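S.K.: Chain by chain, the residues:
Protein chains: 2
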Amino acid sequence: MQIGHEGVTAAMGFKAAGGHTGIKKGNTKDMAMIYSIVPCVAAGTFTTNLVKAAPVQWDQHIVHDAETAQAVVINSGIANAATGKQGYEACRRTAEAASAALHIPVDSVLIGSTGVIGAQIPVDVIEKGIGILTPMLDNSREAASIAAQSIMTTDTHPKEVSVSIELGGKTVTIGGMCKGAGMIHPNMCTMLSFLTTDAVISKQMLQEALSSVVKDTYNMISVDGDTSTNDTCVILANGLAGNDEITARGEDYNRFQQALFEVNRELAKMIAGDGEGATRLFEVKVVHAKTKDQAVVLAKSIVTSNLTKAAIYGRDANWGRILCAMGYSGAKFDPENVDLYFESKAGKIKIVENSVSTGYSEEEATRILSEDAVTCIADIKMGEQEATAWGCDLTYDYIKINADYRS
Amino acid sequence: MQIGHEGVTAAMGFKAAGGHTGIKKGNTKDMAMIYSIVPCVAAGTFTTNLVKAAPVQWDQHIVHDAETAQAVVINSGIANAATGKQGYEACRRTAEAASAALHIPVDSVLIGSTGVIGAQIPVDVIEKGIGILTPMLDNSREAASIAAQSIMTTDTHPKEVSVSIELGGKTVTIGGMCKGAGMIHPNMCTMLSFLTTDAVISKQMLQEALSSVVKDTYNMISVDGDTSTNDTCVILANGLAGNDEITARGEDYNRFQQALFEVNRELAKMIAGDGEGATRLFEVKVVHAKTKDQAVVLAKSIVTSNLTKAAIYGRDANWGRILCAMGYSGAKFDPENVDLYFESKAGKIKIVENSVSTGYSEEEATRILSEDAVTCIADIKMGEQEATAWGCDLTYDYIKINADYRS
Chain A
-11 MQIGHEGVTA
-1 AMGFKAAGGH
9 TGIKKGNTKD
19 MAMIYSIVPC
29 VAAGTFTTNL
39 VKAAPVQWDQ
49 HIVHDAETAQ
59 AVVINSGIAN
69 AATGKQGYEA
79 CRRTAEAASA
89 ALHIPVDSVL
99 IGSTGVIGAQ
109 IPVDVIEKGI
119 GILTPMLDNS
129 REAASIAAQS
139 IMTTDTHPKE
149 VSVSIELGGK
159 TVTIGGMCKG
169 AGMIHPNMCT
179 MLSFLTTDAV
189 ISKQMLQEAL
199 SSVVKDTYNM
209 ISVDGDTSTN
219 DTCVILANGL
229 AGNDEITARG
239 EDYNRFQQAL
249 FEVNRELAKM
259 IAGDGEGATR
269 LFEVKVVHAK
279 TKDQAVVLAK
289 SIVTSNLTKA
299 AIYGRDANWG
309 RILCAMGYSG
319 AKFDPENVDL
329 YFESKAGKIK
339 IVENSVSTGY
349 SEEEATRILS
359 EDAVTCIADI
369 KMGEQEATAW
379 GCDLTYDYIK
389 INADYRS
Chain B
-11 MQIGHEGVTA
-1 AMGFKAAGGH
9 TGIKKGNTKD
19 MAMIYSIVPC
29 VAAGTFTTNL
39 VKAAPVQWDQ
49 HIVHDAETAQ
59 AVVINSGIAN
69 AATGKQGYEA
79 CRRTAEAASA
89 ALHIPVDSVL
99 IGSTGVIGAQ
109 IPVDVIEKGI
119 GILTPMLDNS
129 REAASIAAQS
139 IMTTDTHPKE
149 VSVSIELGGK
159 TVTIGGMCKG
169 AGMIHPNMCT
179 MLSFLTTDAV
189 ISKQMLQEAL
199 SSVVKDTYNM
209 ISVDGDTSTN
219 DTCVILANGL
229 AGNDEITARG
239 EDYNRFQQAL
249 FEVNRELAKM
259 IAGDGEGATR
269 LFEVKVVHAK
279 TKDQAVVLAK
289 SIVTSNLTKA
299 AIYGRDANWG
309 RILCAMGYSG
319 AKFDPENVDL
329 YFESKAGKIK
339 IVENSVSTGY
349 SEEEATRILS
359 EDAVTCIADI
369 KMGEQEATAW
379 GCDLTYDYIK
389 INADYRS
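Line order of the protein sequences matches chains A and B.
Numbering of the first sequence is given in my numbering, commencing with residue -11 and proceeding in unit increments.
Numbering of the second sequence is given in my numbering, commencing with residue -11 and proceeding in unit increments.
Hints are computed from structural coordinates only; laboratory data are not their basis.
Mixed in with the good hints there might be a few duds.
Which copy is meant is left open, because identical chains are indistinguishable; a pair holds if it fits in one copy or across any two.
DSS-like cross-link-like pairs, simulated, lysine-lysine; straight-line CA separation at most 27 Å [what the hints assert, rightly or not]:
no.: 1; residue 1: K369; residue 2: K338
no.: 2; residue 1: K191; residue 2: K203
no.: 3; residue 1: K320; residue 2: K73
no.: 4; residue 1: K73; residue 2: K338
no.: 5; residue 1: K273; residue 2: K336
no.: 6; residue 1: K320; residue 2: K203
no.: 7; residue 1: K320; residue 2: K338
no.: 8; residue 1: K278; residue 2: K73
no.: 9; residue 1: K13; residue 2: K158
no.: 10; residue 1: K320; residue 2: K273
no.: 11; residue 1: K369; residue 2: K73
no.: 12; residue 1: K388; residue 2: K257
This one's a predicted model, so the numbers in the text were calculated from it and none came from an experiment.
Kindly produce the complete structure, drawing on both the sequences and the hints.
M.R.: Here is the structure:
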């Protein structure tokens, strides 16, 4: 399975467009659309935050109640969260405008928003934007790339991933784009992720595949511990690949699910590595855990610890903070029986054995921690389960970005 | 009840000393002792981190199993955490040295350590330090102040509080000192807090009073979400005030408990306001909650949110982040029915009503948020319970301090 970076137009029959419509100042791209030439089955996972943005509420309704979906309208700049009835009404009008422009049912239109919480969406700008973007919808790689750029907020680069597999002699492709740099601590799904596939698959199996991979991908990343009000991950499957329909678990389902996992893991790692102000991707693997849950809780506790994240920025093998973060995680383990390693392209070093220092070389550790991507491995020697979490370092620029986000 | 700042020698019969003994470099003060001229009943609360520092394990044993305690030996620079059997042996040798110098039982000596995790304590330096400090033990305010300075790590100033009350015509005094600036997210108690009182009170009622006030004071502060391996709060009561012994709940107990609450609240606020890199104290009050637990969970979630803390640094009334932090806290509330206010010496402003913006003046809000201490009030309009949490802003200096703590 080869990972590519073609985005939401990689699968057959999907078009995309993006550009500046006037939600953001200047000429910054602020709106994108995705469209399938035929109706799709849709699946989605959404934030568990009690405060749910209006587009999250809208999409949950579509994914749960509508048989098919065919388009997505996304804006950046304003999150349409904490906007009350007016916010939901903005979603309805957005869907109506897309419905009229694309000649599809209103309840076939999914919506995504990201940006400042609390401000109302200027619906007239969105309506005008749909008018501008509809004729630009195109199945080229460039169109997908412009769409990915248009959904960025504090992201430093667009995030697109694609993968193709063979199912019964047919090529099935999954492509996706996502955004996210701050307020990233998904608990169900990340900020905004949009996936398209030409696979023939039932709505139920599509939802099952998505839900299962989200747990090990987006739900394992954290930039700042803040679970957003807008977390959304939706996938559209239009069936144009012509493979035998996936309607139950089995070999085809497993291969599709594995491909979906790869796409989402890459997208999730891109979000973590592009965390606000981050200089490096910080991967945490907990191995030899007794249960999967225990490994997940420990890995997330380490990757979320501000003190550990600041040490990673300083390339400081401050393992006491890691052991401390494990200790307050709530997971049970033997605090006297932990081994810790750091690993990167520059090598691997064991820094702690049975919870005390190995007397490792600090210079060697700093050399390993100086790479763009570094991994901490915590071996708790209790069983055969493991989990991986992804985050980033905590830097001056995180403060700079967030102390003054709105001005 | 008048709050003073006399520290651990405020109560009758307590002496203190502090100074440089050689654990830290240069002439930085790194060791302190507290001593009562008569045996005391002792109570304590300790970290819930599974990784417990050696002195925490030692003190838990003393507080639970010994009838009385009479001295405390504290060092800064090294936390004696993740140090295995050798670390616990260092505690035993420290207690033996203090026992010999002060002519008290070994199990009358409490120990506190704070600093780097993972390094072994140089016991010979501690033993020498006990020899230096014992003759310096003094009941003056200055001696208490030097002791408070000697337990600092990244603290920018010593933290001492005292209060006196009348019980049955006798003056009862409680004094305390504490330290803490990083790795502050107590879950049982804060980093290190030492309290002394001349009250006559049973060990059982002393523990009950301490445990009850710790919940609403130290356990409600957070600097960085990292629960330390060393959190310790101990109180010694030597009975020299001569009041009728407090052996049960009642008016005297209530007044003593209230005084203990005031001392600990002031100390806790001092820790929060002196958080690593902090420019201001951030207080969060959740009011009109249905249950106390709900108010606690919501207040702690807001005060711990990195995005909110960065906004407070930027004097930005970014209330969407506050509502978001409430939403992911796990507490149930009506997300459409929240009012938010900011308050400080400069005034009070309502920024959100029923979860949407009041159209408040951003300039006025920034003016209010520019003070040294700012309060956010979240009214969830469900009942009569409330909770207050204390934290600080997240700044460039937090990163600076923690990216390079050990070098």
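S.K.: For every hint, state whether the structure bears it out.
M.R.: Hint-by-hint comparison with the structure:
For the homomeric pair K369 and K338, the shortest alpha-carbon distance inside one copy (15 Å) is at most 27 Å, but the shortest distance between copies (53 Å) is not. Taking CA atoms no more than 27 Å apart as the test, K191 paired with K203 passes inside one copy only; the shortest distance there is 19 Å, against 49 Å between copies. For a Cα distance limit of 27 Å, the shortest separation of K320 from K73 across copies, 21 Å, qualifies, whereas the shortest one inside one copy, 45 Å, does not. Only between protomers do K73 and K338 lie at most 27 Å apart by alpha-carbon distance; the minimum there is 21 Å, versus 55 Å within a single protomer.
Proximity of K273 to K336 under the C-alpha cut-off of 27 Å is restricted to the intra-copy arrangement: shortest distance 13 Å within a copy versus 47 Å between copies. When the C-alpha separation of K320 and K203 is checked against a cutoff of 27 Å, the pair qualifies both within a copy, at 21 Å, and between copies, at 23 Å. In this assembly of identical chains, K320 and K338 lie within 27 Å of each other by CA distance solely inside one copy; the values are 23 Å within and 44 Å between copies. For the homomeric pair K278 and K73, the shortest alpha-carbon distance between copies (25 Å) is at most 27 Å, but the shortest distance inside one copy (47 Å) is not.
When the C-alpha separation of K13 and K158 is checked against a cutoff of 27 Å, the pair qualifies neither within a copy, at 45 Å, nor between copies, at 69 Å. For the homomeric pair K320 and K273, the shortest alpha-carbon distance inside one copy (17 Å) is at most 27 Å, but the shortest distance between copies (33 Å) is not. In this assembly of identical chains, the alpha carbons of K369 and K73 lie at most 27 Å apart only when taken from different copies (20 Å versus 52 Å within one copy). For the identical chains of this complex, K388 and K257 are neighbours both inside a copy (23 Å) and across copies (26 Å), given an alpha-carbon limit of 27 Å.
When held up to the earlier numbered hints, the structure conflicts with hint 9 and nothing else.
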